[in-house]
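Visitor: The hints should help you fit chain B onto chain A, whose structure is shown.
As a plain string of letters, each chain reads:
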Amino acid sequence: MIHVNRERQNLGQFTPEDVSAGLRSGRFLPTDLAWREGMETWQPLATFTDLPAPDEAVPPTLAPGTEEVLPPIVEVGPVVPEWERRDEVGYFRAALVTIRQTFADPIGTFHRMPRTGGFLWPLIYSYVLQTICALVGLTESLIWVRVLPKSLLTHLGDNPEQALVGNLVFTLPVMLVGGLIFPFLFAGLYYLMLRLITKKSTSYEAVFRAYCYMMGSASIVNLLPMPPIIAVQMVFMVFVIIVAFGYLIVAIREAAEITTLESVAVVVLPVLLCCFCSAALMGGVFAIAGSLPALQGLGH
Amino acid sequence: MFVLRRQRDEETDGELLALLVLGGTAALGIAWLKFHCPLPACPFHALTGFPCLTCGGTRCLRNLLAGHAATAFAWNPLIFVGAVAAALFAMYAAVVTTFRLPRIRLATLNSRLALALRLAVVVALAANWIYLICHFSRGG
Numbered sequence: 001m002i003h004v005n006r007e008r009q010n011l012g013q014f015t016p017e018d019v020s021a022g023l024r025s026g027r028f029l030p031t032d033l034a035w036r037e038g039m040e041t042w043q044p045l046a047t048f049t050d051l052p053a054p055d056e057a058v059p060p061t062l063a064p065g066t067e068e069v070l071p072p073i074v075e076v077g078p079v080v081p082e083w084e085r086r087d088e089v090g091y092f093r094a095a096l097v098t099i100r101q102t103f104a105d106p107i108g109t110f111h112r113m114p115r116t117g118g119f120l121w122p123l124i125y126s127y128v129l130q131t132i133c134a135l136v137g138l139t140e141s142l143i144w145v146r147v148l149p150k151s152l153l154t155h156l157g158d159n160p161e162q163a164l165v166g167n168l169v170f171t172l173p174v175m176l177v178g179g180l181i182f183p184f185l186f187a188g189l190y191y192l193m194l195r196l197i198t199k200k201s202t203s204y205e206a207v208f209r210a211y212c213y214m215m216g217s218a219s220i221v222n223l224l225p226m227p228p229i230i231a232v233q234m235v236f237m238v239f240v241i242i243v244a245f246g247y248l249i250v251a252i253r254e255a256a257e258i259t260t261l262e263s264v265a266v267v268v269l270p271v272l273l274c275c276f277c278s279a280a281l282m283g284g285v286f287a288i289a290g291s292l293p294a295l296q297g298l299g300h
Numbered sequence: 001m002f003v004l005r006r007q008r009d010e011e012t013d014g015e016l017l018a019l020l021v022l023g024g025t026a027a028l029g030i031a032w033l034k035f036h037c038p039l040p041a042c043p044f045h046a047l048t049g050f051p052c053l054t055c056g057g058t059r060c061l062r063n064l065l066a067g068h069a070a071t072a073f074a075w076n077p078l079i080f081v082g083a084v085a086a087a088l089f090a091m092y093a094a095v096v097t098t099f100r101l102p103r104i105r106l107a108t109l110n111s112r113l114a115l116a117l118r119l120a121v122v123v124a125l126a127a128n129w130i131y132l133i134c135h136f137s138r139g140g
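As given, the protein sequences belong to chains A and B, one line each in that order. Here the first sequence is numbered in this note's numbering, starting from 1 and rising by one per residue. Here the second sequence is numbered in this note's numbering, starting from 1 and rising by one per residue.
No lab work stands behind these hints, which were simulated from the structure alone. Keep in mind it's a predicted model, so treat the numbers as computed, not measured. Ideal Cβ positions, reconstructed from N, Cα and C, are used throughout, including at glycine. Please note: incorrect hints may appear among the correct ones.
Unchecked claim - The following label-pair restraints were derived from C-beta to C-beta distances:
id: 1; chain 1: B; residue 1: H45; chain 2: A; residue 2: G188; range: 21 to 29 Å
id: 2; chain 1: A; residue 1: T131; chain 2: B; residue 2: T71; range: 34 to 42 Å
id: 3; chain 1: A; residue 1: R6; chain 2: B; residue 2: L33; range: 33 to 41 Å
id: 4; chain 1: A; residue 1: V232; chain 2: B; residue 2: A94; range: 42 to 50 Å
id: 5; chain 1: A; residue 1: L148; chain 2: B; residue 2: F35; range: 25 to 33 Å
id: 6; chain 1: B; residue 1: V121; chain 2: A; residue 2: T49; range: 40 to 48 Å
id: 7; chain 1: B; residue 1: A70; chain 2: A; residue 2: V177; range: 27 to 35 Å
id: 8; chain 1: B; residue 1: V122; chain 2: A; residue 2: G38; range: 31 to 39 Å
Chain B extracted, bound-state conformation:
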């Protein structure tokens, strides 16, 4: 499914691009939280009374930055996993771009596996949402 291969000259350097975007996002996000900049209310929560898919995300990230992993996970498991995955990917991207190492590339993805992946994503989103609804109904 995955192969290791060198970056081609004419290819966009995806890892470098991702590293810059993730770094910029992290810097902007941390500055935003650090300076207590305003955060708009969730329109979905305001309209329906239910949390959206990423409600609690800011509190999750605040706790993660403070080193409280368990509390961060409890606020929003999806954001927690996403943030950790992004950090790991940034580390991988930093290493392969700095040392010009071979890159991980998706070689083949048959339709059955693609469908399974799609379903897995939808199930993960739904499970996270159900968890958030229960979590927020208990008062967070």
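Excised from the complex, chain A in its bound form:
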């Protein structure tokens, strides 16, 4: 596979045949930088003299009376998600459009997402969005405890406000450090599951990027004004898990080009079969929802 880059923007990885055809069609420029396994540095595509010649075979002759069926013309649009074009369109707009793209068209977005391009910027996208959304969620909870009657907040003790502030002091470091670590751990887990279950040689980087874009976007559900009532938050937690998992299954399926069943196995099996994954998932959701005292007494 050949990795192609234009003006520090990764266009993705392609087969030599695709690159050859892309050069002919204008999709790629001879000045685009490219790299493949074994090369020391990135080089302009013009220096790739060993690319296969474009298929110049004469199209098969049609039998008399049959209509010519041409393959569909595939439009090659701009790089998605929009966060990959943040320098062109601006960070704020790029984040908003990426959220819309991942929710409105997850199939197209993750199918076309560049599989390379580094870890840093997808991580920043995920980290910043998750942190902002979690802090807004916690602030909402603090407002809720002032508005709601105490009889609905018995699980937060005698002083619900103090309990939530205490939680914030406790969850903030976990959130700030965990937000940087969890994407790597979960992407690693899904990558191992992919290697174990499927025959696809998807890179860790591709899985990581899909995970970051999806979970970063999914964190906006925490902006919903959910009162810290235990029953409401349990329902909310189930909703968050279903939404996040549903979209994550699609994201991994498209990024790794596997079947839906394989993607379900990759995403769901670790949580079902592993205490640590389910603990991280539940802990994360509870922490974000600002109801950690609800976990007291559930420990084993």
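Guide: For chain B alone, kept in the frame of chain A given last:
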């Protein structure tokens, strides 16, 4: 199968990344255990009554941190081996990144060997699970 080679400029430094992630995970995990933070119950155990693949993992890590290797192994052999392997890898990563030494890289992996590795992982997971079911049915 494995080769030793220098880190390329355009490559992601996998060892440094792994070192940071493992270090952060260890710090977070130790702090979590140290401050007796809440641990949610295992949903698989709650639903089926059987331990999951990583049940006993927390007790394994607690014993490992306390230096009780045999007890730690008995709680969950898979977590024990995983934790020791992670610690060894972190040491290797720390050495090669600090002294800019050549890195160990997977050169080739033919399909037969890949299949054998997959089977080995599945067998190890299954064996660990059977052990845990027996261990927990005896009352841990």
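Visitor: Please go over all the hints and tell whether each is borne out by the structure.
Guide: How the hints compare with the structure:
1. Between B:H45 and A:G188 the beta carbon distance is about 24 Å. The supplied range of 21 to 29 Å therefore holds.
2. Roughly 38 Å separates the CB atoms of A:T131 and B:T71, a value that falls within the hinted 34 to 42 Å.
3. Checked against the hint of 33 to 41 Å, the C-beta distance between A:R6 and B:L33 comes to roughly 48 Å, which is inconsistent with it.
4. Checking the proposed 42 to 50 Å range against A:V232 and B:A94 shows it holds: the Cβ atoms sit about 46 Å from each other.
5. Checked against the hint of 25 to 33 Å, the pair A:L148 and B:F35 passes, with Cβ atoms roughly 29 Å apart.
6. Distance hint check: the CB atoms of B:V121 and A:T49 are about 42 Å apart, consistent with the given range 40 to 48 Å.
7. About 32 Å separates the C-beta atoms of B:A70 and A:V177, a value consistent with the hinted range of 27 to 35 Å.
8. As the Cβ distance of B:V122 to A:G38 is approximately 33 Å, the hint placing it in 31 to 39 Å holds.
Of the numbered hints listed earlier, the single one contradicted by the structure is hint 3.
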